[in-house]
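Engineer: Residue strings, one per chain:
There are 2 protein chains.
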Amino acid sequence: MENETPLYIKVNEKDNVAIIVNTGGLPKGTVFPCGLELVERIPQGHKVALRDLRQEDPIIRYGEIIGCAAAPIARGSWVEESLVTLPTPPRLEELPLASAVPKPLPPLEGYTFEGYRNKDGSVGTKNILGITTSVQCVAGVLEFAVKQIKEQLLPKYPNVEDVVALTHNYGCGVAIQAPDAIIPIRTIQNIAVNPNFGGEVLVVGLGCEKLAPERLLPDGDTGRLITLQDHHGFRSMLESVMSQAEERLASLNRRQRVTCPASDLVVGLQCGGSDAFSGVTANPAVGYAADLLVRAGATVMFSEVTEVRDAVHLLTPRVVSEEVGRDLLREMAWYDNYLQRGQADRSANPTPGNKKGGLANIVEKALGSIVKSGTSSIAGVLSPGEKAKQKGLLYAATPASDFVCGTLQLASGVNMQVFTTGRGTPYGLAVVPVIKVATRSALMEQWHDLIDINAGTIATGEETIEEVGWTIFHTILEVASGKKTTWADRWGLHNDLCLFNPAPVT
Amino acid sequence: MENETPLYIKVNEKDNVAIIVNTGGLPKGTVFPCGLELVERIPQGHKVALRDLRQEDPIIRYGEIIGCAAAPIARGSWVEESLVTLPTPPRLEELPLASAVPKPLPPLEGYTFEGYRNKDGSVGTKNILGITTSVQCVAGVLEFAVKQIKEQLLPKYPNVEDVVALTHNYGCGVAIQAPDAIIPIRTIQNIAVNPNFGGEVLVVGLGCEKLAPERLLPDGDTGRLITLQDHHGFRSMLESVMSQAEERLASLNRRQRVTCPASDLVVGLQCGGSDAFSGVTANPAVGYAADLLVRAGATVMFSEVTEVRDAVHLLTPRVVSEEVGRDLLREMAWYDNYLQRGQADRSANPTPGNKKGGLANIVEKALGSIVKSGTSSIAGVLSPGEKAKQKGLLYAATPASDFVCGTLQLASGVNMQVFTTGRGTPYGLAVVPVIKVATRSALMEQWHDLIDINAGTIATGEETIEEVGWTIFHTILEVASGKKTTWADRWGLHNDLCLFNPAPVT
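If you're matching them up, the sequences are chains Y and X in order. Throughout the first sequence, residue numbering follows the numbering used here, covering 1 to 506 in sequence. Throughout the second sequence, residue numbering follows the numbering used here, covering 507 to 1012 in sequence.
Certain hints may be false.
Said to hold, decoys possible - Pairs of lysine to aspartate or glutamate, EDC-like flavour, derived with a Cα cap of 20 Å: (1) Y:Lys-150 <-> Y:Asp-162; (2) Y:Lys-356 <-> X:Glu-720; (3) Y:Lys-355 <-> X:Glu-720; (4) Y:Lys-147 <-> X:Asp-668; (5) X:Lys-653 <-> Y:Glu-151; (6) X:Lys-653 <-> Y:Asp-162; (7) X:Lys-861 <-> Y:Asp-230; (8) X:Lys-656 <-> Y:Glu-151.
Bear in mind the hints are in silico, worked out from the structure with no lab data behind them.
Full structure from sequences and hints, please.
Structural biologist: Put into structure tokens, the structure is as follows:
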């Protein structure tokens, strides 16, 4: 390993630091082709100083200041986390809105996938019976019923791929009138109308809960509602769920895949277990794919407020209008306030794993995270759990927590997710396919049966960002068509729905 | 039904309202043996005025003011929810502490159960392999592994009753340094040492998460830790979990039930889906059983801050010392502040179902709820998720949410729960048995295969509070011994672990 050509990545010509590419890091004394010599060992993904830095000199990566030197740093030294001070975040009131709106990218035509067209015009990438719930109280009964449905009924309806219980921690013992309660409520409501359920969702409620189950019926069809307190004992509950499920399965079984334009895709982008490569390999490739999707007329959303906050000055110029800009600022301000209320701030992100992976602080992490958004204009902003109603690139405000963000993107109507990871996570969702992209080849090799696409080849020069971007785009079409199965779906590795409830529990 | 003898329950001689007992309620014109005549139909569980009330007159139930009359109310009228104004809660700074400490109840000796004695002195009522997790990210992998353990390994170890994955929404994407983060963290830590796991818990972690998995190892034994990011692919992860599980199963399989004194019980008390009968049938019977348990030297805990807050003036005199009193007030004040931070207050409780069941407001609900605590002195107070370390009656501060309270009581170390319900809930826990007690005979009849004990017989005079209390006490011993199975366990109806995280998500 130490006999390989030493390699670093400098992202922007202004940068005074670069990250070490070689797996296992590089030892003291390593000399790069440019003449730079390491004065100490530096781990993979961590930063080397490209020139001498005085104390308080800005440290620049992605052409942006990620912090200042906490002490003098000699050229060739390891710019270790503790040497990088955390700058203050961009002041929201001073940001230019829609000041540099990118021109529309050239349209990309002719790309299609085989999806399930729904009555409301949306398109599913899977054909799933969803059974939602108004309250956690019913989870045990529903879990029992779903097991029985899968054993006894599902095999009779081969066109239906799965039965998913949409259970969660909400519904009762919550301050349902508190202003922030709207977030978990609309999340539950909107997940039930995710395109992959084909408009056939059932609702199981208890009967005395705060979240009235009627609020979960998209078209007020109470025939889809099973209220446990109306039943005479457990067996009767079970029979109700089974017979209702069979009706829905029969209906879903008639769904057929049809050729749909790529514009029917609604793709959620996320990163988790990020490292210093995220921003130079996987995320730029995803950003390239995002541009392809936008060019093809699809809806693409990126998220994660705390991983956008410190780079938001790079986003506000890109919003299509001042109104969308104000929406973006509103979400940032809301989150600043939410964190402050809980005596925290955005420095609570990153994680220990991010830091091991070379990310010094949230500024560096954010700069690498927003690269997923590509280069197109930002057409709209969604509050947490709001449903997307337009095409193009959207900013869907969510926490950065992988599973919370995933849950909220489901509510926003994604029919596909692309997830980049540097440290590695087995993350998956039962409702939509998740394509996982590795930032490093070492992770791809290690997790060969969990990661779908390798973007680590970008760091080593084996592939370009554009090449991996096209691979991601084509893979999205194949997976959306049911022609290719993600590793998470192959093993059935699915995370729980994790609601974002900033309102109190009572 | 309307030919039955009309019956109402007046709890305290000072009361100027009483609740209707008859199933289906009573019609206008009904005349009670005492001469009271109903001037309108009143539903079951709802309140009748026993005398004329002027506007602003106090409405008295349980001998306490539950509100004032919002309008004049004639004798024989329905004291409907909107006629009862909500009083301000007791001012915490004015409450007498330890001013009327009950004398110790006479000891109750000779009661035993067959339990699993652990090395640390605690006693399990079940023999379960627990596999805990440091972060939601690993949930999919663990779920896959647990299914395989249950199919392939568990049958070889017949003395082990179950394998439980302790998955949750916490671990990453959270402000782990925020002051309130201690609550979810200690909850996860303490659940892993619940007596029913016999000190053999495994830990599955990812590797880059904020909640370092080492923090979940009770005795720092890293041999019990499986870190997914250290593995070469999914199959390798699976093999690790399987082989570690088999070692633990072999060890757990050697556990044997031995005769233990009733003092080894740690019983959590809860109510959920309450109605106006809760406070006169099931909760007093549970209170009587609580006294029996305290007399037998056991640990008993009651919880649910918002269902105690408005009746806390009846509890502060009962605490054993001023110090315990201040602990109790601290928990009340913390929760007042927590609700206020989220722009809510304790009036966010009760639920629509509570109200349908006759409970006008949180004051009436709280007065009925605290009856579960019986009559003994309050020996100690636990903050949410803290582990109990003493015998006697404890107040374990938790939200009133059934599933959140249940999760926190598991952390506090209960090896048994007793749960009263008026509206009916299929609530259950995988870790400890939950004995469910109905407040009304109609619920018992309707949910014959879900409710374990009927306390509705108290309302009709068929049984006394003491009789049902003894039934609960004996049932606890039988269930704890594995000689009787609760309905929830019979069907395997178990709720998810639902953590209380008042700190921000990032």
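Engineer: Now, for every hint given, state plainly whether the structure supports it.
Structural biologist: Each hint, compared with the structure:
1. With a C-alpha separation of about 8 Å, the suggested pair Lys-150 of chain Y and Asp-162 of chain Y falls inside the 20 Å cut-off, and the hint holds.
2. Pair hint Lys-356 of chain Y plus Glu-720 of chain X holds up; C-alpha atoms about 17 Å apart against a cutoff of 20 Å.
3. Restraint check: the Cα-Cα separation between Lys-355 of chain Y and Glu-720 of chain X comes to about 18 Å, which is no more than 20 Å; the hinted pair holds.
4. With a CA separation close to 17 Å, the supplied pair Lys-147 of chain Y and Asp-668 of chain X stays within the 20 Å bound.
5. Annotation: proposed proximity of Lys-653 of chain X to Glu-151 of chain Y holds, straight-line Cα distance about 15 Å (limit 20 Å).
6. For the proposed pair Lys-653 of chain X and Asp-162 of chain Y, the alpha carbon gap of about 17 Å is at most 20 Å, so the pair holds.
7. Distance hint between Lys-861 of chain X and Asp-230 of chain Y is fulfilled; the C-alpha atoms sit about 17 Å from each other, no more than 20 Å.
8. For the suggested pair Lys-656 of chain X and Glu-151 of chain Y, the alpha carbons sit about 17 Å apart, so the restraint of at most 20 Å is met.
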